[in-house]
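Asks: Listed below are the residues making up each chain.
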Amino acid sequence: MTENALKHTLGDKMMIELSGVNKWYGEFHVLKDINLSVRQGERIVLCGPSGSGKSTTIRCINRLEEHQQGRIVVDGVELTSDLKHIEAIRREVGMVFQHFNLFPHLTVLQNCTLAPMWVRNMPKKEADEVAMHYLNRVRIPEQANKYPGQLSGGQQQRVAIARALCMKPKIMLFDEPTSALDPEMVKEVLDTMIQLAESGMTMLCVTHEMGFARTVADRVIFMDKGEIIEQAPPEAFFSNPQNERTKTFLGQILNH
Amino acid sequence: MQNPASEPSRRGSMMTDPKVRAWVFQILAIGAVLGIGWYLFHNTQANLAQRGITSGFAFLNNPAGFGILQSLIDYTEGDTYGRVFVVGLLNTLLVSVLGIFIATIVGFVVGVARLSPNWLISRLAALYIEIFRNIPPLLQIFFWYFAVLRAMPPPRDSHALGETVFLNIRGLYLPSPTPAEGFWAFIVALVIAIAGCVALARWARVRHENTGRYFPVLWASLGILVVVPALFALVAGSPFHWSVPELTGFNFRGGWVVIPELVAITLALSIYTAAFIAEIVRAGIQAVSHGQTEAARSLGLRPGHILRLVIIPQALRVIIPPLTSQYLNLVKNSSLAAAIGYPDLVSVFAGTVLNQTGQAIETIAITMSVYLAISLSISLLMNWYNKRIALVER
Ligand SMILES: Nc1ncnc2c1ncn2[C@@H]1O[C@H](COP(=O)(O)OP(=O)(O)OP(=O)(O)O)[C@@H](O)[C@H]1O
Ligand SMILES: [Mg+2]
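Sequences listed follow chains P and R, in order.
Numbering follows our numbering, in which position 54 of the first sequence is assigned residue number 56; successive positions increment by one, without gaps.
Numbering follows our numbering, in which position 54 of the second sequence is assigned residue number 55; successive positions increment by one, without gaps.
Because the hints were derived from the structure by calculation, they are not lab data.
Just so you know, not all the hints are guaranteed correct.
So the derived list for chain P, only partly shown, Cβ under 7 Å to chain R, looks like this [what the hints assert, rightly or not]:
hint: 1; residue: W120
hint: 2; residue: M124
hint: 3; residue: R141
Pair ranges (Cβ atoms, derived) [said to hold, decoys possible]:
hint: 4; chain 1: P; residue 1: E89; chain 2: R; residue 2: F241; range: 43 to 51 Å
hint: 5; chain 1: P; residue 1: N242; chain 2: R; residue 2: S117; range: 53 to 61 Å
hint: 6; chain 1: R; residue 1: I106; chain 2: P; residue 2: G28; range: 35 to 43 Å
hint: 7; chain 1: P; residue 1: K127; chain 2: R; residue 2: L373; range: 49 to 57 Å
hint: 8; chain 1: R; residue 1: W220; chain 2: P; residue 2: L85; range: 20 to 28 Å
hint: 9; chain 1: P; residue 1: D193; chain 2: R; residue 2: I132; range: 52 to 60 Å
hint: 10; chain 1: R; residue 1: N211; chain 2: P; residue 2: K15; range: 50 to 58 Å
hint: 11; chain 1: P; residue 1: Q71; chain 2: R; residue 2: V218; range: 40 to 48 Å
hint: 12; chain 1: P; residue 1: I196; chain 2: R; residue 2: V218; range: 42 to 50 Å
hint: 13; chain 1: P; residue 1: K127; chain 2: R; residue 2: I132; range: 48 to 56 Å
hint: 14; chain 1: P; residue 1: K127; chain 2: R; residue 2: W257; range: 52 to 60 Å
A short list of chain P residues far from chain R (calculated; beta carbon distances all over 10 Å) [stated by the list, open to error]:
hint: 15; residue: R41
hint: 16; residue: S52
hint: 17; residue: R73
hint: 18; residue: D84
hint: 19; residue: D193
We treat Cβ as the ideally placed atom computed from N, Cα and C, and that holds for glycine.
All chains should be built: construct the whole structure from the sequences, respecting the hints.
Replies: Structure, rendered in C-alpha cells:
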C-alpha cells in the first residue's frame, strides 16, 4: 500500500465534533449514536453501502437535516435551533452536491458572487475578483459568463466547488461529488479536490472513489445501517479491515 | 388551385424534395382558406341584398338613442353607435384591468399560502382554491350580484364606513376628488417624489455593488412618497376638494358611484381566476427543485433572499405561460357581464346595437377583432417577457 501522498501535520483545533448524535425519520432510526471529531486540516472520507446514513450525517453538519439527540459543534459553535448559530455555521461550511445544484438562471460568475454579495456584504468588484480567483483555481475562468446549462457535468461540478470556495469556508463537505459524472469527467473533479486538500482545507467527503481515499484521506470511516462501524487511516483500512461488514463492502467495491 | 388533386401528379418528381413539398402544401392551404372565405363572403352579401340590408360601417355614425348604465366618457342617448362602441370597449377594458390586477395579487398570495408550513393557512388556501375553481363563473357572478349586492339595504339604511363610504342596493358610494388650488403643486410634488424614489433605488443598488451595504429602499421610498406631497400640500394648499356622497331624499348625491354590476363582475372574475392563478403559482414554486433551496441554504443565504434571488426567478419561467392564458380567459369571461346587465362591449355593441341596426356581420366582426386584438396584445407582451427571462441551455 502506498503511503498517503499528501502527508501533513494536523492542527490541534477541533473543527467538527459530533457526540452521541441520533436521528429518526418517524420510526426509522437513521443515525445511531454517531461520535466523530474532525481536526483542522483533516481530510476524511466517509463510505458505506447505500442508505447507511452518510448523506444524512454530513447534512446534519450544516443543518440541512436536524438531529434529535446529541451535540454537534462546528468551529466552536453549537448547532441548535438558534437561527444565528445556523447562519454562522453555514457561512463557514461549504457544501458540494452530487447533482451540482448550480443556479441555472445565473451565469457562472453570478453563481459565484451571489452569496459573497448577499451574505458577506462584499462589494461587487471584490466579489468578482474573488470569483475569478477561484474559477482560475478550478481551471475554468473562460466559462465565467456562460450559464450552467452550457457546461459539461465535470465543468459544472468544478463551478459548484468554486462557488462554495468563494465564501472562504473553513470546512468543505462533499456528498458523492463524482457519482453523477461520466467516467471521463471524474478525474478533473477529483484533481480539483486533491488540489484543495493540498491547500490545507478541512474536508469531509462522502465518496466511493477509493483511489482518492488512498491519496488524500487522513482517515476513512465506514458506516452501515446508521452506525460508524470502523475508522482507520487508509493504509490500515484497505489492507487490514477489522469488521466483517467492512470486508464485505470493500470486497464488493474494489472488485469492479 | 381549384383542383388540388391534380397538383401532385403534375409535380410528381419534385414532390420528393421536402422544401418544394412544404411550399406546395402551404400554398394549397392558403388557397383553400381564401376560397372558403370568398365563398362565405359572397353568399352573405347575396343574402343581405335579398333582405334589403345595406352592408358597410356607415351605421356607426347614426344616433343610438338608448342610455347606458355606466360610461367612462361623456355619453348621452343622442350619441352615435360609434361612441357606444367606445363606451362598451372602455367598460370591458375596465373590468379586464381591474380583474387581472386583483386576480394576480390574490392568486400569488393564495398560491404561496398553499405552500405554507402552517397547517391552517395551507388548508384555508386549499379550501379557497377548491371552492372557487369548481363553481362555474356565471354562477359566481349571479351569486355576487343577486345574493350579495341585490340583497343590500335601500339607500336610507346604507352600510356606512365613517360617513364617507356607503354601500347599498344601488352600489358603492365613494368620495370623489376634484382639483383644488393645490392640485398642480401636488402633481409636481408627486413627480419629484417618484423621481426621488427611482434615484434612490439606483443609488442603493450602486452602493450595494460598491460597498456591499444595504439600504432599506422600500421603506425610504414610502416615506418620500408621503412626506414630499404632504409638504407641498402644506405650502400650496389642499390639492383636492372631496365631494362626499350625501343622502338627499331617497338617494345619494355627490361622490363616485360604483354600480353593483361592476362590483359583482369584478369580484366574481377576480376570485374565480385567482383560484387558478394560485394553483399555477404553487406548481411553479414546486417545480424549482429542492436542491436549489438546499444549495442556497448551504451558502448561508437567508430565506427571504433565497425566495427573491433563487426561487422566484426560476418559478416565473414556469408560471408565465399558463398565467397568460388565465389573463386571456379573464378578458374573454368578462363578456359574461351581459348576464347581469353590465354594459360591456358584448352587451351593448354585439347585443343592443346589433339588435337595433341588424348589422350582424359588421358588429360581430368588429367585436371579434377587438377581443382578438386585446388577446394578442396580452400574449405578445407576456411572450416578450418570458423570452427575456428564458434559461440559456446548450
Ligand atoms: N426525508 C427522509 N424521510 C425518510 N427517510 C429518509 C429521508 N431521507 C433519507 N431517508 C432514509 O434514511 C436512510 C439514510 O439515507 P442517506 O441518504 O443518509 O443514505 P446514504 O448513505 O447517503 O445513501 P446513498 O449512498 O444512497 O446516498 C435511507 O434508508 C433513506 O431511505
Ligand atoms: Mg447519499
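Asks: Now tell me, hint by hint, if it's right for this structure.
Replies: Each hint, compared with the structure:
1. W120: holds (5 Å)
2. M124: holds (5 Å)
3. R141: violated (20 Å)
4. E89(P) to F241(R): 43 to 51 Å: Holds, at about 49 Å.
5. N242(P) to S117(R): 53 to 61 Å: Check passed, 54 Å falls within 53 to 61 Å.
6. I106(R) to G28(P): 35 to 43 Å: Because 39 Å falls inside the window, the suggested range holds.
7. K127(P) to L373(R): 49 to 57 Å: Given range 49 to 57 Å: holds, Cβ gap about 50 Å.
8. W220(R) to L85(P): 20 to 28 Å: holds (23 Å)
9. D193(P) to I132(R): 52 to 60 Å: Given about 59 Å between the Cβ atoms, the range holds.
10. N211(R) to K15(P): 50 to 58 Å: violated (35 Å)
11. Q71(P) to V218(R): 40 to 48 Å: With Cβ atoms ~44 Å apart, the hint holds.
12. I196(P) to V218(R): 42 to 50 Å: holds (45 Å)
13. K127(P) to I132(R): 48 to 56 Å: Distance hint for K127(P), I132(R) holds at roughly 53 Å.
14. K127(P) to W257(R): 52 to 60 Å: holds (53 Å)
15. R41: holds (22 Å)
16. S52: Given a closest Cβ separation of 19 Å, the condition holds.
17. R73: holds (21 Å)
18. D84: holds (14 Å)
19. D193: Check passes; 23 Å lies beyond 10 Å.
Checked against the numbered hints given earlier, the structure breaks hints 3 and 10 and satisfies all the rest.
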